[in-house]
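What follows is the residue order along each chain.
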Amino acid sequence: GENVEQHPSTLSVQEGDSAVIKCTYSDSASNYFPWYKQELGKRPQLIIDIRSNVGEKKDQRIAVTLNKTAKHFSLHITETQPEDSAVYFCAATGYSTLTFGKGTMLLVSP
Amino acid sequence: EAQVTQNPRYLITVTGKKLTVTCSQNMNHEYMSWYRQDPGLGLRQIYYSMNVEVTDKGDVPEGYKVSRKEKRNFPLILESPSPNQTSLYFCASSPTMGTEQFFGPGTRLTVL
Numbered sequence: 001g002e003n004v005e006q007h008p009s010t011l012s013v014q015e016g017d018s019a020v021i022k023c024t025y026s027d028s029a030s031n032y033f034p035w036y037k038q039e040l041g042k043r044p045q046l047i048i049d050i051r052s053n054v055g056e057k058k059d060q061r062i063a064v065t066l067n068k069t070a071k072h073f074s075l076h077i078t079e080t081q082p083e084d085s086a087v088y089f090c091a092a093t094g095y096s097t098l099t100f101g102k103g104t105m106l107l108v109s110p
Numbered sequence: 001e002a003q004v005t006q007n008p009r010y011l012i013t014v015t016g017k018k019l020t021v022t023c024s025q026n027m028n029h030e031y032m033s034w035y036r037q038d039p040g041l042g043l044r045q046i047y048y049s050m051n052v053e054v055t056d057k058g059d060v061p062e063g064y065k066v067s068r069k070e071k072r073n074f075p076l077i078l079e080s081p082s083p084n085q086t087s088l089y090f091c092a093s094s095p096t097m098g099t100e101q102f103f104g105p106g107t108r109l110t111v112l
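Residue numbers (my numbering), protein chains in the order written: chain A, 1 to 110; chain B, 1 to 112.
Hints may be right or wrong, so weigh each one.
Restraint ranges, calculated between C-beta atoms of paired labels, are given here [what the hints assert, rightly or not]:
#1 B:N84 with A:H7: 22 to 32 angstroms
#2 A:E56 with B:T86: 38 to 48 angstroms
#3 A:N67 with B:G63: 36 to 46 angstroms
Computed list of lysine to aspartate or glutamate pairs in EDC-like fashion (alpha-carbon distance at most 20 angstroms, straight line) [what the hints assert, rightly or not]:
#4 B:K57 with A:E2
#5 A:K22 with A:E2
#6 A:K37 with A:D27
#7 A:K102 with B:D59
#8 A:K42 with B:E100
#9 A:K42 with B:E1
#10 A:K37 with B:E100
#11 A:K102 with B:E1
#12 A:K71 with A:D49
#13 A:K57 with B:E1
#14 A:K102 with B:D38
#15 A:K71 with A:E5
#16 B:K18 with B:E79
#17 A:K58 with B:E100
#18 B:K17 with B:E62
#19 B:K17 with B:E30
#20 B:K57 with A:D27
#21 B:K69 with B:D38
Computed far set for chain B versus chain A, every beta-carbon distance over 12 angstroms [as the list claims (entries may be wrong)]:
#22 Q37
#23 S49
#24 E53
#25 I77
#26 T86
#27 S87
#28 G106
#29 T110
No lab work stands behind these hints: they were computed from the structure. Ideal placement from N, C-alpha and C gives every residue a C-beta, glycine not left out.
Whole structure, please, built from the sequences with the hints as guidance.
So this is what it looks like as structure tokens:
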């Protein structure tokens, strides 16, 4: 089955800095790569996703890049704000199952 | 309001006492799934359903059962709960596989 590795497990930045979270996957058949944000005590919510036929996608301060050859994808957050503090999960999916990384706790200090 | 609901939100039970966690969505989604979330392990898929009467195992199905008799409902059944099933459980749905999943509010289960 699919295996998703996510790094780092924790990331501390100063407000205004950029943050990058990286994930690798094992199944070359995977074709959909979502990123979820989970605030403390809340449910995960999708923040951005990318499909295998696209190399990069951007939504305001958030961007995701995908390298299919290397089987890795990354989340980039620019101009971080305290409200970006949360746990971020990457995921990869093929035909039927969605496999998540173990998560990255992002702490943005004012 | 489009949503995924789960009940109960919190449950404390004892080993061996059968329980069911309900999940319902009102968005006419075909795909539904159950996850458990444990510290340091992220979200792990228990079971999923591509459509009515179609269910399949995820990564950690042992000790769990599901059914999908109607499109909107996808209950999770623990026939004989054990302490290692103490966890936070999320139900999720999406229009089809490979699209945004909408998560329920979560059910925190403690098995003593």
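Hey, K37 of chain A versus E100 of chain B, does the alpha-carbon distance stay inside 20 angstroms?
-> holds (13 angstroms)
Do the alpha carbons of K42 of chain A and E100 of chain B lie within 20 angstroms of each other, as the hint requires?
-> Roughly 17 angstroms between the alpha carbons, so the hint for K42 of chain A and E100 of chain B holds.
Can the restraint linking K58 of chain A and E100 of chain B be considered satisfied, given a maximum Cα separation of 20 angstroms?
-> Status holds; Cα separation ~17 angstroms.
Distance restraint between K102 of chain A and D59 of chain B, which requires alpha-carbon spacing of 20 angstroms or less = With Cα atoms ~14 angstroms apart, K102 of chain A and D59 of chain B stay inside 20 angstroms; holds.
Restraint check for K37 of chain A with D27 of chain A, where alpha carbons must lie at most 20 angstroms apart | violated (23 angstroms)
Do the alpha carbons of K102 of chain A and E1 of chain B lie within 20 angstroms of each other, as the hint requires?
-> Given pair K102 of chain A, E1 of chain B is violated - Cα atoms ~31 angstroms apart, limit 20 angstroms.
Once the closest CB in chain A is found, is it more than 12 angstroms from S87 of chain B?
-> holds (14 angstroms)
Do E56 of chain A and T86 of chain B keep their Cβ atoms within the hinted range of 38 to 48 angstroms?
-> Holds, since E56 of chain A and T86 of chain B (Cβ atoms, about 41 angstroms apart) stay within the stated range.
Minimum Cβ-Cβ distance from S49 of chain B to chain A exceeds 12 angstroms | violated (10 angstroms)
Given the hint that K42 of chain A pairs with E1 of chain B, test it: the Cα-Cα distance must not exceed 20 angstroms.
-> Given pair K42 of chain A, E1 of chain B holds - Cα atoms ~18 angstroms apart, limit 20 angstroms.
Given hint E2 of chain A paired with K22 of chain A - CA-CA distance at most 20 angstroms = Between K22 of chain A and E2 of chain A the Cα gap is close to 16 angstroms, so the pair holds against 20 angstroms.
Compare the distance between the alpha carbons of K17 of chain B and E62 of chain B with 20 angstroms, and conclude whether the hinted pair is satisfied.
-> holds (16 angstroms)
Violation of the numbered hints given earlier is confined to hints 6, 11, 13, 19, 21, 22, 23 and 28; the remaining hints are satisfied by the structure.
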